[in-house]
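Asks: Now for the letters of each chain:
There are 2 protein chains.
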Amino acid sequence: MKFATRVKGLTPSDIQEMFKVIAKPEVISFASGVPDPNIFPVEEIEKITSQIINENGQTALQYNTTEGYIPLREKIASRMKSNGVKTHKENILITTGAQQGLELSAKLFLDKGDAVICESPTYSGAISAFKSYSPEFIEITTDKNGMKMDELKKVLDTKDNIKMIYVITNFQNPTGKSWSVKRRKELISISESYDVPIVEDNAYEEISFREKKRPTLKSLDKEEKVIYLGSFSKTFCPGLRVGWIEAKDSILEKYIMLKQSSDMHTNILAQMQISKYLELNDFDAHIAKINSSYKNRKNIMLESIKKYFPSSCSYTHPEGGMFIWVEMPEKINARKVLDEALKENVAFIPGDSFYPNKEVKNTFRLNFSNADESKISKGIEKLSKVIQRFINDAG
Amino acid sequence: MKFATRVKGLTPSDIQEMFKVIAKPEVISFASGVPDPNIFPVEEIEKITSQIINENGQTALQYNTTEGYIPLREKIASRMKSNGVKTHKENILITTGAQQGLELSAKLFLDKGDAVICESPTYSGAISAFKSYSPEFIEITTDKNGMKMDELKKVLDTKDNIKMIYVITNFQNPTGKSWSVKRRKELISISESYDVPIVEDNAYEEISFREKKRPTLKSLDKEEKVIYLGSFSKTFCPGLRVGWIEAKDSILEKYIMLKQSSDMHTNILAQMQISKYLELNDFDAHIAKINSSYKNRKNIMLESIKKYFPSSCSYTHPEGGMFIWVEMPEKINARKVLDEALKENVAFIPGDSFYPNKEVKNTFRLNFSNADESKISKGIEKLSKVIQRFINDAG
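Sequences listed follow chains A and B, in order.
Count the first sequence with our numbering and you get residues 328 to 722, in order.
Count the second sequence with our numbering and you get residues 328 to 722, in order.
Okay, chain A solo, but in the shape it has when bound:
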């Protein structure tokens, strides 16, 4: 029995595999990027769901259109409009999580051997989704302001197989970094000279500890080259698997056809649940609650890192999102550190799976959103000792 060539070298995602390890109660996990379930508005959802099924059960359980539930598409469009994006419900396609947005983007744009440009490092789930379509990955170095524009421009000028630029401009997974406003404007300005779509993955935007939002690429984009991926997984509940794609008509109609043959449509009850929640509740107040909690955890984690981590480690200072990114001395292998850390019941995600090509072994990702506040300091202390041992051994 022969598998397609795209399956060769496929490996299960660390993050999903880690689920099994961190299920043990004794493990202090900074691994998976899951939201804190204690903030899920469970009671509200129970009430809303009963109401939907009682009043509109047959619709909530029947097949529906691929595009998605119109009232939800309207509410998403309206939230995007209030963020400076010119859009309408017709330009919104509901997806089965933003992950499906990534999968469909690769399917829509990438033939074998076509190139996709991404940040280095970038989201591992995007790498696996794209990999199925056998593209060439081009990693562009990032600094604290985002992707380096001179490097990007050089690539765009010299390569002729580039079909897609993929970026996470806000509180990136895995680094927690955000692009400066200047860098965002530069990307849009550069994109005007090249006929390449930009896929803007904005799953983390709302999880912000800043006072003011920075403009999305989509809101700066006059030529409609940006395809925007949104998600309710960080702001609401990931188990419902609801995200969306915003794009201009001529692109979105292709996405709709590809989604149609992928899973017909997204669970319609879930779409109605979110729509009803947005209708009856103050969503921004709910998000503020999430952010206040995560900010506190981030602060505790950064303080512990500052206190315990060897000084030869550097790390990011995110202003939102769920992750801190750590760089150890070059000789230290994060996978080996993980093996030892797990013996001490501390978990994190090694950084190597966030690079499509580069072999970078000395980085790792720490999650703070779902870390137990009372254990963060303890976990970081334990982890620090393990790292220190490796540094000592390396001389």
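Worth flagging that the hints you see were computed from the coordinates, not collected in a lab.
A portion of the hints provided could be inaccurate.
[Claimed, not checked] DSS-like mimics (lysine-lysine), calculated; alpha carbons at most 27 Å apart, straight line:
hint	chain 1	residue 1	chain 2	residue 2
1	A	LYS458	B	LYS688
2	B	LYS347	B	LYS581
3	A	LYS439	B	LYS335
4	B	LYS458	A	LYS575
5	A	LYS347	B	LYS402
6	B	LYS486	A	LYS439
Chain A is already provided as a structure; the job is to place chain B on it using the hints.
Replies: Leaving out everything else, chain B in the frame of chain A:
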């Protein structure tokens, strides 16, 4: 902006597009293959859902494993076992509808130019899912007992690019035909000499008007070449988008990785809803209720067809499922008939989209599962008159 070559020639599915037409209350629709929502156990689902969210809300709304909710996988395995399949929960992967099972099968087995064998005609949603991977389609003629085995064997003997055989053995969409037991055994016996997986789409098995089930290919399969696709969309509620794949370990682990990058996992609340329903209710009694209602509609439709249809039309006599397949005289074009029928407010699906290669214009599919009993006869009478006009005009 350039799309991938796979997107060329992509067209929206008739069935999804028809949703918009049949939404009008004046239309008598025999078009889309949706279950009757009046049979959805809405009250039960409301009760169960409240219970799940109250007792286990955080789990029901959080990320989960790609494989799916273990209690549901156990129950599916146990139902399959009682149907003669040797399996375990570890061999079940929950999918976002059986449609995702089709999409992932193509992704797993088909490189560009590889061949997939299917019945002629076959399910249009499978054709679109496979098409994204640019395969060669090989249509094998079917008679009333299933795929013609001599034709299949000849193809397997002469072509060396065949990577997958796709069949719907029970109450096929679109024809309503079922394979004889003999033909099933023959396929399994033939498959032993060739290294090609068989994807058995069994979405309709439970919607049976027969006393006795025929053995699934999976239950006959000693060499574990069969990949089984199941669905709760016909027996429970399609809006929840829950199906499954059953396959041996070494195949299923690949499917799991492909699903991981497609949508992480299927809506977990939906999985818990179905699991709880199966736990607390007599699922077979619920299915019996569906079948008794659909059988009645099928009988009314067949009687009306017998009474009104021109004698030059032939049609199938399904013993289950949701569809009757009609063949008009060769000169008559079903799309033109549809245009006229819609003017009379009667809808159906033209047959041409069920053939990946062949140009067959004179067939169409009638759905009886969601047809209003009191209007079936009226709708068939109107449709007959339209067809008769075309036959008269064709001389």
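Asks: It remains to establish, for every hint, whether it holds in the given structure.
Replies: Status of the hints after comparison with the structure:
1. Restraint check for LYS458 (chain A) and LYS688 (chain B): not satisfied, since their Cα atoms lie roughly 39 Å apart, outside the 27 Å limit.
2. Among the hinted pairs, LYS347 (chain B) with LYS581 (chain B) is inconsistent with the structure: their alpha-carbon atoms are about 37 Å apart, more than 27 Å.
3. For the hint pairing LYS439 (chain A) with LYS335 (chain B), the CA-to-CA distance comes to about 15 Å; that is within 27 Å, so the pair holds.
4. In summary, the hint linking LYS458 (chain B) to LYS575 (chain A) is supported, as the alpha carbons are separated by about 24 Å, within the 27 Å threshold.
5. For the proposed pair LYS347 (chain A) and LYS402 (chain B), the alpha carbon gap of about 21 Å is at most 27 Å, so the pair holds.
6. Restraint check for LYS486 (chain B) and LYS439 (chain A): the C-alpha separation of about 25 Å stays at or below 27 Å, so the hint holds.
The structure fails hints 1, 2 (numbered hints given earlier, in ascending order).
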